[in-house]
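Let the hints inform the model, and build the full structure from the sequences given.
Protein chains in written order, with this note's numbering: chain H, 1 to 318; chain L, 1 to 318.
One or more of the hints may lead you astray.
Identical copies look the same in the list; a pair holds intra-copy or inter-copy alike.
What the hints assert, rightly or not - The calculated SDA-like cross-link candidates involving lysine to any residue, where the alpha carbons are at most 25 Å apart (straight line), are:
#, residue 1, residue 2
1, K47, R72
2, K47, S69
3, K47, A242
4, K47, S71
5, K260, D281
6, K96, A44
7, K47, E245
8, K260, D102
9, K47, P94
By construction, these hints were calculated from the structure, which means they are not laboratory data.
There are 2 protein chains.
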Amino acid sequence: MSPTPPPSVRRVACIGAGVIGGGWVAHFLARGYDVTAWDPAPDAEDKLRRLVTAAWPALEQLGLAEGASPSRLTMAPTLDEAVADAEFVQESAPEKLELKRDLLAQLDAATPPGVVIASSTSGYPMTDMQTAAATPGRLVVGHPFNPPYLIPLVEVAGGERTDRTAVEWAAEFYEAAGKSVITMDRELPGFIANRLQEALWREALHMVANGEATVEDIDTSITEGPGLRWAFMGPMLTFALAGGEGGMAHMLDHFGPSLKSPWTRLEAPELDRALRDAVVDGCDRAADGRTYAQLVAERDQGVIDVLRATGRLDGPAR
Amino acid sequence: MSPTPPPSVRRVACIGAGVIGGGWVAHFLARGYDVTAWDPAPDAEDKLRRLVTAAWPALEQLGLAEGASPSRLTMAPTLDEAVADAEFVQESAPEKLELKRDLLAQLDAATPPGVVIASSTSGYPMTDMQTAAATPGRLVVGHPFNPPYLIPLVEVAGGERTDRTAVEWAAEFYEAAGKSVITMDRELPGFIANRLQEALWREALHMVANGEATVEDIDTSITEGPGLRWAFMGPMLTFALAGGEGGMAHMLDHFGPSLKSPWTRLEAPELDRALRDAVVDGCDRAADGRTYAQLVAERDQGVIDVLRATGRLDGPAR
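Right, dumping it as structure tokens:
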């Protein structure tokens, strides 16, 4: 698809240099790329250089690629110049559909043929964003998490008119650039992680709106509770351990009825045999032969390591 | 309320010794209490001792209280004997309303007057569980997270017939026993953390049911994404940072419209002025004078520490 094989890319263009676009710039610089950035805001360059300077000590701790340097950032005066010799383009403009649609068409016109252009959109399907582009086949979604220079996840998806090779190229490129990639085989508004965190966020907003919990309660309930496990073990495998030695099968059979309880404003799906088996089988695959005892030991060590890393091991309370 | 002041409690009874009850036993032993456990299952003692043995190395790392020892666990032959001289009772029976209602009435009859009895229920309101008890004033919810010996959070709430002093006593006791407590001033099915994780869990189940994501995708999307931040910074403050220097106010004004997007099956509340201000003010209080730059630096260090602690810092990918 793209003229450059993913691991050989050296020049990346970042379009839009706010919190997300600037975070991408910092990430690509730390991984040793030459980065050209463009942002129409008058104070964009100052803000971007501040962001990179602030992020650099963290990136040094993560380990820089050979030759990585903030000095390899160039601010382009125009969009056309920003992408003129790019081997990959990451678009991180404000989250407005019309704006992204026009901008992606402009980028498509200015970027060398075959070069993949990825959008950081938090949830628009590429099908809706690629309609104005002359060669929509190279337009993909590459959705990062804040800050892109630290959180590994990138969700990659194409639109109806995206070439499958562009999706594959983008996934390979992000992996080569040090990210963790989930490639989606269909378009889903909000992709995967944002749908999950959006459900949690909406329930939290309902609780604040109704005076059921404060903002502080909500944050504490996560950081002192399930958030400690989710840093290294996802909600599915975590819940499988709640089933004890019987695993997810026991958990679903035991707690399944609570799906009908009004524990959130979100209605649950019917827990039929097919769904139950899909979840149980998925957890078995994720366990990958590890016994319940092994998983418990791993989880326990993980929680302790996270507690220690985040400064919460001050010894016993009594 | 209770005859023993919370910090002076030495003898705790744990009723039900499965995954949660057994986890409580391990926690109380590690904090130096004498623990008496009762569970009607024939193999309960073997299972419980295995659980405590498996958890002990983790508890040693956390730091044991003086005199803490697995040998301070006694298995009681009957419920009455288990609670006969308890200064606090933690009930962790299976999640069935009728069963808990009857069991709490039995415990209330057998436990010395004034001693607080807490239920580990995942979501039943105490009002519904305390109806059969003779002295319901001392019955509270003390909802832990799995495993109770590692995850600090306990949600404390009373029912309509619970004395306010019992709720306060329980909150003080759990703090003295090394837990992080959220005291709720009202009953809310699922309390706070379970409502949040249940919303996420239900959205995940919908996605699996519809073939939109695999179990593995869901876990990866959390552990490689937002889960890394949630170990030490809750969803509210995390989202405030997504607003850049403009904070939560900018974030809500910028991403507010996406609340109407179909990013989850859960409908969002109306983002009116009151809700917006409650969220913005709550985040300001949580920031507690820290600037945006300070919060970003803290978050970045936190993510790096968590990545390192969970073995994910293997240096740059290229």
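Okay, the hints, checked on the actual structure:
Taking the shortest Cα distances, K47 and R72 sit within 25 Å of each other inside one copy (17 Å), while across copies they are farther apart (60 Å). For the identical chains of this complex, K47 and S69 are intra-copy neighbours only, at 17 Å inside a copy versus 56 Å across copies, given an alpha-carbon limit of 25 Å. For the homomeric pair K47 and A242, the shortest alpha-carbon distance between copies (15 Å) is at most 25 Å, but the shortest distance inside one copy (46 Å) is not. In this assembly of identical chains, the alpha carbons of K47 and S71 lie at most 25 Å apart only when taken from the same copy (15 Å versus 60 Å across copies).
Within a single copy, K260 and D281 get their C-alpha atoms as close as 23 Å, which meets the 25 Å cut-off; across copies the closest is 34 Å, which misses it. For the identical chains of this complex, K96 and A44 are intra-copy neighbours only, at 19 Å inside a copy versus 58 Å across copies, given an alpha-carbon limit of 25 Å. For a Cα distance limit of 25 Å, the shortest separation of K47 from E245 across copies, 10 Å, qualifies, whereas the shortest one inside one copy, 53 Å, does not. Proximity of K260 and D102 under a CA criterion of 25 Å is satisfied inter-copy only: 22 Å between copies versus 45 Å inside one chain copy.
In this assembly of identical chains, K47 and P94 lie within 25 Å of each other by CA distance solely inside one copy; the values are 16 Å within and 55 Å between copies.
In summary, this structure violates none of the numbered hints.
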